[in-house]
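Asks: This is what each chain is made of:
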Amino acid sequence: MAEHLNEYILDLPAQPEAIAQLTPGSIVFLNGIVYTAREGVYECVLNDGKKLPDNLAEISNVNFHCSPAAAPRNDGSYDIGGVTATASFRFSKYLAQWLDLTNTKIIIGKGGMPRDDYKNILAPRGAVYLTTVGYGTGALLGRGVKGVKDVLWMDELGIAQAMWMFEVENFGPFLVDSDLQGNSLFAEQGDLVNQNIEGLYKGLKQPTLQRYGETDDRKDELL
Amino acid sequence: MINLETVESAGYEIMKKAAIDIPADYLGGIKEVQKAETNTLSGYVIKTMVDNYEAATEDRRPMCADTGLPRYYIKIGDDAPLSGGFTGIERALRSATARATLDVPLRPNRVHPLWRTEHNNNVGINAPEMEWSFEPDADWVDITTVHKGGLFGTDYRMLFPGDGIDGIKRFYLDTLISFGKRGLCCQPAIVGVGIGGSKDTCMQLGKQAACLRSVGNRNPDKKIAKLEMELKEIGNGIGMGPMGFVGSSMVVDCHIEVGFTHTGGMPVSVHTFCLSSRRATARIHASGEIEYRTDPQWFTPYMRRETVEWPST
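The listed protein sequences derive, respectively, from chains Z and A.
Basically the numbering used here = 1-based index in the first sequence + 5.
Basically the numbering used here = 1-based index in the second sequence + 1249.
Please note: incorrect hints may appear among the correct ones.
As the list claims (entries may be wrong) - Computed footprint of chain Z on chain A; a stretch qualifies when at least three of its residues, placed anywhere within it, have a C-beta under 8 Å from a C-beta of chain Z:
1) 1289–1296
2) 1307–1313
3) 1323–1334
4) 1457–1466
FYI, nobody ran anything at the bench for these hints, they're computed from the structure.
Just so it is clear, CB atoms sit at the ideal spot from N, CA and C, and this is done for glycine as well.
Pulled out of the complex, with its shape left as it was, chain Z reads as follows (with noise of 0.2 Å):
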């Protein structure tokens, strides 16, 4: 890994010039409109057949996995304080329908995708993954947030599972995690540390007592 991460500021709705820049371990922040939605706005979009706005993808084509900490005032408007993800691996079951759909090219989230999906699902079209950072920054987020463009069936789904378009400026920090080519950073890091495990585990004898699972190898991970 290099010493010095690159640094990349993008204007969104996001061109694909500058999504194929993107490398795993540069640092993105975004101006522009940002949408969340997770699995309460895709089962009813996908499923219970709820219409988006026709130009979602002129409005925007960046999909965070989030829900806010915000409260609504008197006045109709929003407080947004803290803003953070959620983790996106439960979500992949929903990824290709809802890149056909919105024509989103990039995914922001907690803990990037399953291992497949990257070079099966994101990249096939032209769609790259960034994660936040530690995945606590909500503070860091929360000031990047100017505004509250719209938000989405909040009587059906809750202030944590509406779709909120965020006006965004200088938004992030974000990492990349997955390139155009399906190349991922949090693939590539868990590969460097499951050399390490073996290791670990030597001279610790096996408990009296099994348990039935899904996997004894730890070099896998469990999403």
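On the provided structure of chain Z, position chain A as indicated by the hints.
Replies: Frame of chain Z; chain A shown alone:
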């Protein structure tokens, strides 16, 4: 006199403090692991987290948008002059939770587990949790809140005496590795280990060990204290840092709590209190005056007593 208005306002204030201000002991601990971290990526993540704590305090906004499952730990002195009764305290703290959720704001995380319905105020069936404890020779009430995310980083296993310390180490490694990959447990964390008790006590002790003891605090049993240090070292020797990147920053501190258990068993639980280790305590004195701190001082000698009698004056 300690009245319910005071309890409500103390509960509200600690909700706010916990969500916004990182406890000094945890910040000190994170700066120690930061010094030892030689990996560029892991170092960058920790530096960003430290920037985030500063931004939260400066802006008075929550440090993490997942404000967890806000809950309370209450310790009541035998001589505390309470008015309004115990259910009154519960009512006041439920009100403080709802008010703080709107004002801070906290994310209204609490939903019905089956119907996913919510009140947008973090209050509902069996929520927020309130755990009660008591203290001899004291006339105050301590109220602690903890905001901890709940999806990843905790596990339980029934081990047996013959599995020994090896068994504990294996299970500890299993938990940190499985949830450390991709950083799902938001390490570096304060790791709590519960050993013994019945299954539910074991979980409770481990959780309290993670959330209610400050960084640097050691178990009074010297052999357990030594095991705490050893487990900390083992965790940081996995070769994993924040977000599951290569690094040495997994465990800020390790705390072990024990409870007498069934003669045939050795239940163990492991809990990780994340990068945003959020806790705050209010002590309400008999006069009604409120003092705030970040060290819950939950595990008093009385809490860890092993005798029938307790010498009380």
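Asks: Each of the hints needs a verdict: does it hold here or not?
Replies: Now the hints, each set against the structure:
Residue count for the region 1289–1296 of chain A with a Cβ under 8 Å from a Cβ of chain Z: 5. That meets the three needed, and the coverage hint holds. Only residues whose C-beta sits within less than 8 Å of a C-beta in chain Z count toward coverage, and the region 1307–1313 of chain A has 5 of them, enough to reach three; the restraint holds. Interface restraint, the region 1323–1334 of chain A with chain Z: violated (0 residues with C-beta to C-beta distance below 8 Å; minimum three). Counting residues of the region 1457–1466 of chain A whose beta-carbon sits less than 8 Å from any beta-carbon of chain Z gives 0, not enough to reach three: the coverage restraint is violated.
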